[in-house]
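Trainee: Sequence:
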Amino acid sequence: MSSRSSRHTRQHSVLVAALLCVTLSMLASVGAHSASDGPHLNACASRVPYYTAVQQEHTRLFLDAMKVSIPALASVWTCNNFCAHEGVECTKAGLKLRLDSGALSGSLPEIPESIDGPSVVLTEFTFFGHGDNLKGTLPASWYQLTSLSSFVLTSSGIAGTLPEMWGTPVESRAEKGYGAISRMAKGRSAQQKSSLRIFRAAGSNISGPLPASWSQYTTLEEIHLQDNPIEGTLPASWSSLINLRILNLTNTNVTGTLPESWGAMQSLQVFHAKNNKLYGTLPASWGSLSALNDLQLIGNLFTGIISQEWGQMNALRRISLQLSQCTCVPESWITKKVDVTLYSTDDKAMCEITSVCPSSSSSAPSSSSSALECDGPIPFYSESQQVNTRSFLEAFKDTIEDLQPLWTCMNFCVWPYVLCTPAGVAVEITGTEFFGHVPEVSPDVDTAEVVVTKLDFSHSMWVEGDYPASWASLHSLEHVSFAYTAMSGTLPSEWGDMDALRYLDLSFTWTNGMFPQSWSHLAKLEVLNLMHLTLPDHPPDSWSHMTALRELNLASTRASGTLPASWSSLKNLEILSLSNNNMVGSLPEQWGSLKQLATLMLHKNYLGGSIPEIYNDMTALTRASLEDNRFCGCLPSVWSAQQGVSMTITAQKEVLASDCATT
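So in the numbering used here, spot 274 of the sequence shown is number 274, and the numbers just go up one at a time.
Since the hints were made in silico from the structure, they are not lab data.
Backbone N, C-alpha and C define an ideal beta-carbon position, used for all residues, glycine too.
Accuracy of the hints is not assured; some may be wrong.
Restricting the straight-line Cα-Cα distance to at most 30 Å, the calculated cross-link-like pairs of lysine-lysine (DSBU-like) are [to be verified]:
hint, residue 1, residue 2
1, Lys96, Lys604
2, Lys274, Lys337
3, Lys135, Lys274
4, Lys67, Lys96
5, Lys337, Lys595
6, Lys336, Lys595
7, Lys135, Lys277
8, Lys92, Lys653
9, Lys337, Lys524
Just the calculated beta-carbon pair ranges, DEER-fashion [to be verified]:
hint, residue 1, residue 2, range
10, Ser324, Ser391, 36 to 42 Å
11, Glu494, Glu231, 46 to 52 Å
12, Tyr279, Thr490, 43 to 49 Å
13, Thr490, Ala641, 43 to 49 Å
14, Gln652, Thr399, 47 to 53 Å
Given the sequences, and given the hints that come with them, work out the whole structure.
Mentor: Here you go:
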């Protein structure tokens with residue numbers, strides 16, 4: 001067949017597919033999807049929804065064991081319907097348990113032999129609060145809770161070691177005859193694997209080594225063990241934790257060297273191990289950690305230089321290191337403006353950040369914050385800037401009491417979590433167990449003289465409260481992050497006045513409300529991440545004015561309506577995610593002009609119609625996720641040709657099929 005004939009056949013097929021798509025889209029748009037009212041979960045005498053009789057029986061027995069080990073629950077968990085219990089939330093995916101350690105005391109129970117752990121539908125366990133009312137150890141038998149995906153303890157009195165059994169394969173557990181294993185669990189096959197993704201036990205009294213057996217937990221995505229008296233070395237076998245994204249071991253007692261094998265942890269994004277007893281040189285193999293964006297190793301005893309291979313950490317945005325002597329950093333860190341903190345143990349001072357390697361064994365430290373005296377002069381800023389910046393920062397001590405014994409010097413540049421540079425003051429209270437909220441700006445503060453450029457509270461999960469509307473007056477503020485905190489309330493419309501803001505991440509918080517139209521004035525904003533908030537609103541057309549945007553993530557926000565065609569003016573956009581929402585309609589043809597777009601995530605919506613052929617003009621696109629929608633027709637011709645070569649496209653099998661025009 002000639003090329004002309006081939007093109008004619010494809011054009012005819014695409015035309016047929018397009019006509020089919022129009023019809024199907026019209027049908028699909030009728031009542032696209034309205035959430036029907038589910039069963040009445042909270043009625044004490046109502047039937048337990050969702051779960052099988054076996055699951056209900058064993059889940060109820062597990063909760064009864066909780067009532068024995070935490071006696072106060074017996075007086076409040078009295079309903080036949082355990083979904084009505086205080087602190088219990090039932091969903092189709094499973095049961096979420098959230099208890100307050102300030103009001104409860106006791107211990108976590110071992111699973112009685114009469115309970116079949118895999119039939120317990122507990123998916124999330126959270127014991128929050130500030131105190132040590134929860135005693136005892138981590139129950140070894142909880143490895144049987146194969147539905148458990150999130151385990152969170154904060155500032156508890158839990159002691160003992162991390163159970164090695166939790167990481168032992170199912171078949172090995174039965175063979176070794178561990179106690180308190182139900183007869184039903186012993187009979188399970190190895191197909192009953194753990195679902196654990198998040199493990200948080202920061203600020204407790206857990207000691208002992210990091211179990212090598214936990215390397216079997218290949219589902220693990222987050223481990224938070226900061227502020228525990230952990231001992232021993234970093235297990236080389238943990239290199240098999242292929243899905244691990246976050247590991248926090250700050251303020252523990254881990255020792256030894258950084259394992260060479262950990263260079264294989266390709267999903268690792270955040271590793272904090274500050275203030276420990278780690279030593280040795282920095283392994284060159286870690287240069288292959290392509291997803292790593294935040295590495296905090298200051299407060300250890302490393303020697304040697306920074307391997308040039310570390311310049312291959314393409315996602316790196318922030319790093320702190322402590323070496324015996326100052327040294328140069330990879331050139332790529334300078335080029336990409338990586339936030340680097342380098343401290344010299346020998347000089348007891350911060351190092352100058354340069355890619356020019358010293359000719360001698362050491363280089364002179366810079367006059368940066370760690371070399372300054374507690375009540376000495378503050379560099380970089382005018383007297384008025386110092387006074388107003390200090391007044392702004394002092395307010396945080398009133399709302400976050402954990403800062404009071406730490407922020408005592410007159411020189412705020414030596415305070416922990418504060419970094420002073422000529423460009424401004426960065427406050428990074430990340431990955432802590434601090435309780436409290438962030439303050440409004442006092443009327444006595446001249447915000448024009450406040451030189452704070454960065455306020456980062458990410459992964460400090462007990463920082464809570466509303467977003468301060470008055471922060472809109474902080475015209476030096478470029479970077480704000482509350483990701484993975486307990487912040488709540490609505491998105492402040494006033495923040496549309498933050499004319500210097502470049503980075504805003506409020507993902508995985510308790511935020512709700514609407515998308516502020518006023519944020520369209522954020523002309524310098526490059527990164528906006530609102531993933532996993534509750535914003536049942538239409539994405540604003542007016543946000544098309546945020547033309548500096550490179551990354552926009554509105555996934556899992558319950559966003560609805562149609563995709564704004566006006567967003568075609570976001571010419572710098574590289575990553576766009578609206579996945580797992582309630583979006584309807586078709587793909588705007590105007591988006592074909594997004595020539596910088598590399599990643600497009602639209603899966604799990606109610607979108608329909610065909611994929612416009614003009615999307616071939618998205619010349620930078622390498623990843624498109626379109627599955628779980630109602631698309632029909634064919635892929636654009638370039639997409640079809642490059643699928644599996646320079647592009648990765650996921651969509652309904654009918655769209656990907658070679659005979660897509662007729663399916």
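Trainee: Each hint: holds or not?
Mentor: To see whether the hints hold, each was checked on the structure:
Taking the CA atoms of Lys96 and Lys604, the gap is about 23 Å. The hint holds against a cut of 30 Å. Straight-line distance between C-alpha atoms of Lys274 and Lys337 comes to about 22 Å, which keeps the hinted pair within the 30 Å bound. Distance restraint check for Lys135 and Lys274: the Cα-Cα separation of roughly 27 Å lies within the 30 Å cut-off, and the hinted pair is therefore satisfied. Restraint check for Lys67 and Lys96: satisfied, since their Cα atoms lie roughly 16 Å apart, inside the 30 Å limit.
Under the criterion of a C-alpha separation no larger than 30 Å, the hint pairing Lys337 with Lys595 is consistent with the structure, at around 24 Å. Restraint check for Lys336 and Lys595: satisfied, since their Cα atoms lie roughly 22 Å apart, inside the 30 Å limit. With a C-alpha separation of about 28 Å, the suggested pairing of Lys135 with Lys277 holds against the 30 Å cut-off. About 27 Å separates the Cα atoms of Lys92 and Lys653, which keeps this hinted pair within 30 Å; it holds.
At most 30 Å may separate the alpha-carbon atoms for a hinted pair to count; Lys337 and Lys524 meet this at roughly 17 Å. At about 38 Å, the CB distance of Ser324 to Ser391 agrees with the hint of 36 to 42 Å. Between Glu494 and Glu231 the Cβ separation comes to about 48 Å, which falls inside the hinted range of 46 to 52 Å. Checking the proposed 43 to 49 Å range against Tyr279 and Thr490 shows it holds: the Cβ atoms sit about 48 Å from each other.
The beta-carbon spacing between Thr490 and Ala641, approximately 46 Å, falls within the hinted interval of 43 to 49 Å. For Gln652 and Thr399, the Cβ-Cβ distance of about 50 Å falls inside the hinted range of 47 to 53 Å, so the restraint holds.
Violation of the numbered hints given earlier is absent; every hint is satisfied by the structure.
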